[in-house]
Amino acid sequence: MRTARFLAGRLAGMVVVLVVISLVTYALFLLLPSDPAQMSCGRPCTPENLAIASEFMGFDQPWWRQYLEFVAGIFQGRSFGSGPAAVHCSAPCFGYSFQLNQPVTQLIWARIPVTFSIAVGAAVLWLVLGVALGVLAAVRQGTLVDRSAMAFAVAGVSAPVYLLGLLGILLFGFTLDMVPVSGYVPFSESPLDWLWHLVLPWCVLALFTSAVYARLTRGQMIEALEEDYVRTARAKGLSEPKVIGRHALRNVLIPVVTVFGSDVGQLLGGAIITERVFSMPGLGSLLLSAVGQGDLPLLLGVVLFAAFLVVLANFAVDVVYGLLDPRVAQTQR
Amino acid sequence: MSTSSTPVLSVDTLTVDFETVSAVRGATFEVAHGQVTALVGESGSGKSVSATAVLGLLPGNARVGGSVRLNGEELIGANPARLRQVRGGEIGTVFQEPMSALNPVLTVGAQIAEAIRTHRTLTRREAWERTEHLMATAGLSEPARIAGSYPHELSGGQLQRAMIAMAISCDPVLLIADEPTTALDVTVQAGILQLLRELGERLGTAILLITHDMGVVADLAHDVVVMKDGEVVEKAPVLPLFAQPAHPYTKNLLQAVPRLPELELGETAKAPMDDEGAREALVSFRNVVVEYGGRGRRDGVRAVQGVDLQIGAGEVLGLVGESGSGKTTVGRALAGLIPVTSGELEVDGVDVARASRTTIRGTRLLRGLRSRMGIVFQDPASSLNPRHSVGSGIAEPLTLHTALRGPALRKRIVELLESVHLAADFADRYPHELSGGQRQRVAIARALALDPALLIADEPTSALDVSVQMAVLHLLKDLQSRLGFACLFISHDLAVIGQLADRVAVMHHGKVVEQGSTAQVLGAPRNAYTQRLLAAAPVADPIHQRRRREAWQSLARTP
Numbered sequence: 001m002r003t004a005r006f007l008a009g010r011l012a013g014m015v016v017v018l019v020v021i022s023l024v025t026y027a028l029f030l031l032l033p034s035d036p037a038q039m040s041c042g043r044p045c046t047p048e049n050l051a052i053a054s055e056f057m058g059f060d061q062p063w064w065r066q067y068l069e070f071v072a073g074i075f076q077g078r079s080f081g082s083g084p085a086a087v088h089c090s091a092p093c094f095g096y097s098f099q100l101n102q103p104v105t106q107l108i109w110a111r112i113p114v115t116f117s118i119a120v121g122a123a124v125l126w127l128v129l130g131v132a133l134g135v136l137a138a139v140r141q142g143t144l145v146d147r148s149a150m151a152f153a154v155a156g157v158s159a160p161v162y163l164l165g166l167l168g169i170l171l172f173g174f175t176l177d178m179v180p181v182s183g184y185v186p187f188s189e190s191p192l193d194w195l196w197h198l199v200l201p202w203c204v205l206a207l208f209t210s211a212v213y214a215r216l217t218r219g220q221m222i223e224a225l226e227e228d229y230v231r232t233a234r235a236k237g238l239s240e241p242k243v244i245g246r247h248a249l250r251n252v253l254i255p256v257v258t259v260f261g262s263d264v265g266q267l268l269g270g271a272i273i274t275e276r277v278f279s280m281p282g283l284g285s286l287l288l289s290a291v292g293q294g295d296l297p298l299l300l301g302v303v304l305f306a307a308f309l310v311v312l313a314n315f316a317v318d319v320v321y322g323l324l325d326p327r328v329a330q331t332q333r
Numbered sequence: 001m002s003t004s005s006t007p008v009l010s011v012d013t014l015t016v017d018f019e020t021v022s023a024v025r026g027a028t029f030e031v032a033h034g035q036v037t038a039l040v041g042e043s044g045s046g047k048s049v050s051a052t053a054v055l056g057l058l059p060g061n062a063r064v065g066g067s068v069r070l071n072g073e074e075l076i077g078a079n080p081a082r083l084r085q086v087r088g089g090e091i092g093t094v095f096q097e098p099m100s101a102l103n104p105v106l107t108v109g110a111q112i113a114e115a116i117r118t119h120r121t122l123t124r125r126e127a128w129e130r131t132e133h134l135m136a137t138a139g140l141s142e143p144a145r146i147a148g149s150y151p152h153e154l155s156g157g158q159l160q161r162a163m164i165a166m167a168i169s170c171d172p173v174l175l176i177a178d179e180p181t182t183a184l185d186v187t188v189q190a191g192i193l194q195l196l197r198e199l200g201e202r203l204g205t206a207i208l209l210i211t212h213d214m215g216v217v218a219d220l221a222h223d224v225v226v227m228k229d230g231e232v233v234e235k236a237p238v239l240p241l242f243a244q245p246a247h248p249y250t251k252n253l254l255q256a257v258p259r260l261p262e263l264e265l266g267e268t269a270k271a272p273m274d275d276e277g278a279r280e281a282l283v284s285f286r287n288v289v290v291e292y293g294g295r296g297r298r299d300g301v302r303a304v305q306g307v308d309l310q311i312g313a314g315e316v317l318g319l320v321g322e323s324g325s326g327k328t329t330v331g332r333a334l335a336g337l338i339p340v341t342s343g344e345l346e347v348d349g350v351d352v353a354r355a356s357r358t359t360i361r362g363t364r365l366l367r368g369l370r371s372r373m374g375i376v377f378q379d380p381a382s383s384l385n386p387r388h389s390v391g392s393g394i395a396e397p398l399t400l401h402t403a404l405r406g407p408a409l410r411k412r413i414v415e416l417l418e419s420v421h422l423a424a425d426f427a428d429r430y431p432h433e434l435s436g437g438q439r440q441r442v443a444i445a446r447a448l449a450l451d452p453a454l455l456i457a458d459e460p461t462s463a464l465d466v467s468v469q470m471a472v473l474h475l476l477k478d479l480q481s482r483l484g485f486a487c488l489f490i491s492h493d494l495a496v497i498g499q500l501a502d503r504v505a506v507m508h509h510g511k512v513v514e515q516g517s518t519a520q521v522l523g524a525p526r527n528a529y530t531q532r533l534l535a536a537a538p539v540a541d542p543i544h545q546r547r548r549r550e551a552w553q554s555l556a557r558t559p
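Just so you know, the sequences run in chain order A and B. Heads up: the first sequence runs through residues 1 to 333, numbered per UniProt numbering. Heads up: the second sequence runs through residues 1 to 559, numbered per UniProt numbering.
Chain A with its partners taken away, still in its complex shape (with noise of 0.2 Å):
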């Protein structure tokens, strides 16, 4: 009963987040000295030109009358102009782009594989490898161990995608010619190749984040290895392997958790710097080609599609912490 309170309460708090995102990236259309009729109205542009492609593609209405009618869409769908020349958006309709003439929806359905290959193997790379290393830093404090884990983390930290991205192509594709150093295959195609085009791009990506992860779990681990319940738990024989996974790690993941929920969020809403090296088609590399384009309809579209990642994963966050730790389900209503 009070969970399902607190899930309520927490989903109604997505929404209004939802809408507010949607209206800030909507104000994009206000300000951006960019207008998509103008872009598409063909050559030579003449105001009558101009007026009709603007009456199709629905920027002749107030700005309100627009936002109403993109979250109209997203729930019935809608078309756009009439006739024989009408498109049809269908639900759920996030808008139309006008210079790939194609529905929002579907580019971005096109590159969720890509994007969400990426992002969840380089997430439990990473989390395994970062909280590994931190346990064991943190159980080897001040050795040579633990000073070698975290040379690591900084030089993690210091190097970022692109850096590690190129020089791994250089080393594993061009030198050592180990794995191929651009693309994408869809895993029905060849699991296999699927499997070998991102191998660097997981490595890269959780190099670098694993080092941040190895920091905080190193931290949270020394912290809890003065709890006094650490010390009842040695005081009733356990062995050390024991008192570490299970006493003190669970209580170490509940901040790990936290982190590592809206990080994969923001990832999973395009791994922009990733997909450029590695050219992949994925979110990123759709919305920086929006970008440059000015194809307002499609960035709005993407933004509004990784926000709602990066809520849902928070939500996601608030569900796993409920069930690793006891005391947040009494204290949350």
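Hints were generated in silico from the structure; no laboratory data involved. One or more of the hints may lead you astray.
[Claimed, not checked] Pairwise CB distance ranges (calculated):
hint	chain 1	residue 1	chain 2	residue 2	range
1	A	VAL17	B	ASN287	42 to 48 Å
2	B	GLU153	A	GLY219	24 to 30 Å
3	B	ASP351	A	GLY219	30 to 36 Å
4	B	GLU153	A	VAL199	45 to 51 Å
5	A	LYS242	B	ASN61	39 to 45 Å
6	B	ASN71	A	VAL319	29 to 35 Å
7	A	LYS242	B	THR399	37 to 43 Å
The beta-carbon is built from N, C-alpha and C at its ideal position, and this holds for glycine as well.
Following the hints, put chain B in place on chain A, whose structure we already have.
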């Protein structure tokens, strides 16, 4: 001394060194079968370190020397696997704060079952059954429900009973109880001590009790080992130790313990009724209610429900109660730190209740009032800003409320430091350079900086060792009689209250259940709760304590 021939635990010339500090210097003591041996001392005496050394749980930077034998087997230098068998298997341990000593993310039952399965080959189901059985043995009335609860869902007393159930889960020969009741209320403490006594007698388990509280020693121990600065200064059975302490340190320690008068539990009151209104009231609470967190449709928690209190000018009112009784909330309401939900609260003619509810005008009113009010909190380590020197900490109220500046300000600071028996050069030191007692003196000097008409002292000595506590209490008493301020003295410790207060009010569940002169309330209480509270408080005298314990047991049987 003890009747049995071979001791369960014998510690011989134990030394523990941390880098440059030697924490234990050649401690020698024994614990006999079925006996309770108390290891007594103040903070830094090495008593806890000694116990941790017995368990082999000291951190890596500690060097341990000497010998620790359990039933004749040497534990120092034993291999780690054997030590793990001993821990939890042959030596059970109960720690101080049950709330933090249990893992917050695992159920209490799971943690006990884990201890059992570490040392016994039992199925999960069998371990769980044994867990519930042990919890019942530890005096928990609903073992199944409590086993399935998380620590935050239980009270301190329930948790400590669960801790004890865990400690005895593998039938240990020795139970180490490290300050087992320090974090608990007296009425709960009495129950836990009773449980430990029964277990020792019934199971024949030897108990090594580590404590700073001479009352607990008098209540439970058979033999006493007194430690100071890492050395054992005196060892004796409990009766002679209290009757004729040999070492001067033991004498000081016993003298420093504040005493409670002999308890009379008659139905009829012998003392005359309280003569209220004899002095003009400086502070008056009339039906004061304080609620926390009530918002919208949700009901708040009523921390204080209808309190009537009066403090006359120059009078010390002791406010006593257990955790959750609302005593601290009363203090905070008096200082205008939290809004008063309803009722009247006047301090020196200022309507604090109204001022605490209104924002802007109320703040101005309260600021004026606070210049006539001093507050001393429990933990001076956290109530003094670590980045401010002692002098600037004391100067702060003076620069806020007076025109004193430069040499005149400096002179006043030195005067205040001297009034709390600290040298003038303390003004340039920082809080971390001071001991706990010195920090509390600074906090008192700061509270008295503006010559307040009222001092609010919330557990001012609870974080201090007994000998330091006595000095601080004497200081407060001396300052009070010299400066004549009124004082609300809040404490959970009846004996401390008895040292200082003219009148005592007892709080229970947000209400004042009894108030009257100190002699009457502490000597011949009328309210049933006050009687239970007083009977539960252990006194530092084994014979006197035995009578009190019997009184407590008879009261506990008739709720």
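These are the hints, each one checked on the structure:
1. A/VAL17 / B/ASN287: 42 to 48 Å: At roughly 45 Å between Cβ atoms, B/ASN287 and A/VAL17 fall inside 42 to 48 Å, so the hint holds.
2. B/GLU153 / A/GLY219: 24 to 30 Å: holds, 29 Å
3. B/ASP351 / A/GLY219: 30 to 36 Å: violated, 49 Å
4. B/GLU153 / A/VAL199: 45 to 51 Å: This hint holds: roughly 47 Å between Cβ atoms.
5. A/LYS242 / B/ASN61: 39 to 45 Å: violated, 24 Å
6. B/ASN71 / A/VAL319: 29 to 35 Å: Check failed, 51 Å falls outside 29 to 35 Å.
7. A/LYS242 / B/THR399: 37 to 43 Å: With Cβ atoms ~56 Å apart, the hint is violated.
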